[in-house]
Amino acid sequence: GDSVTQMEGPVTLSEEAFLTINCTYTATGYPSLFWYVQYPGEGLQLLLKATKADDKGSNKGFEATYRKETTSFHLEKGSVQVSDSAVYFCALKNTGFQKLVFGTGTRLLVSP
Amino acid sequence: DGGITQSPKYLFRKEGQNVTLSCEQNLNHDAMYWYRQDPGQGLRLIYYSQIVNDFQKGDIAEGYSVSREKKESFPLTVTSAQKNPTAFYLCASSVGLAPGSGANVLTFGAGSRLTVL
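In the order they appear, the protein sequences are chains A and B.
Just so you know, we're using this note's numbering here: the first sequence kicks off at 1 and counts up by one.
Just so you know, we're using this note's numbering here: the second sequence kicks off at 1001 and counts up by one.
For the record, the hints were derived by calculation from the structure and aren't laboratory data.
Note that CB positions come from ideal geometry on N, CA and C, so glycine has one too.
Among the clues, some could well be false.
Not everything, but these chain B residues come out facing chain A in the computed CB check (under 10 Å) [claimed, not checked]:
1) L1043
2) V1105
3) T1107
Extracted from the complex, chain B is given alone in its bound form (with noise of 0.2 Å):
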């Protein structure tokens, strides 16, 4: 079955340390997203591809990196820069820039929880 998996499920970190989150998907979407969960807030975006080699800053950027050198593959990595990484990741495709119903929905993995110790 297509969908979009994630790595780990879980993943603790010290302090500094840079750690990174897989994420690889095989409906051959060509827009893939990340998104940050905490209590309370809803969900907020970091990042967001719309194709390969290119990506965009969401909002809350700041302490993340991206790349998306293939299609099917989006890691996030969590840097020591991020201030309070301590959170549930999600991140989802979509089939991309086309109109119409398709390209508004977004199919979601089954997130990444970090904790920094």
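One chain only, chain A, in its complex shape (with noise of 0.2 Å):
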């Protein structure tokens, strides 16, 4: 069935470093790709998303390419801030079923 695996954390980085948070995928046909953020005792909240191979989602500095021939979706960030300490999780929407498929999350430490 359709997966997605992320690199285990915690990513611990200090202000203003690059962050890179891996994301691959295994899944038939042609998903739809997410990384959403939960910051500390919250819900998930979309970060961005990208509908087709080549695609870039990009919101709040973070950036994914969807990269079909690699199955990859990573997520990078120029330069973080202590605000952006938080879980990320990368996902997929395959074609029907409204069923998200997520990964087991990256949780990210910004020190200043």
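Two chains, two frames, a set of hints: combine them into the complex.
Right, here's the structure in full:
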């Protein structure tokens, strides 16, 4: 079945460092890909998405490019802030049924 | 502002008790979902509903029940049959079945943390 694999955390960075969180997927067909973010004690919020190959999703300085050839959707940010500390979830949705398949999440810790 | 309200935020349950988690949305979304979140396991789908008076089991429905009597409401009951109910429960909604990007995006509530004593 469809699945998403994320790098294990925590990822620990200093403020203004470059961020990459790896995400790869396995799916039949042409899924849509998402990054959600969860701040402590809260629900998930959509960060960005891409619906077809070579699309780039971007929001709040974060970017991810849908790479069908490598089945990847890595999350990047050029300069992280302390306020970016959160858990980041990669997810996919295939055609048909509405179910989102989530990765296990990657915790990001940014220190001043 | 439109959104999803989950209550209570924290809930404690004794062994053998049923508890019900509330989820209300004012987004006029057709589809609603319940996810369970455990440390290191990501989110797992419990139940989902695509329309009023209809719902389907997700990946881990055993020990849970739901109802969808109103479009705005999708309560989850954690029954005594659920062997390990301590977890963080997240309710979500989406526009529905219409094709296109809008149907793919889920809006989440703030979650309810259930602890079994």
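Comparing the hints with the structure gives:
1. The interface hint given for L1043/B is met, as the beta carbon of that residue sits about 4 Å from the closest beta carbon of chain A, less than 10 Å.
2. For V1105/B, the shortest C-beta to C-beta distance to chain A is roughly 6 Å, which falls under 10 Å, so the interface hint holds.
3. Interface restraint check: T1107/B against chain A, minimum CB-CB distance 8 Å, threshold 10 Å, status holds.
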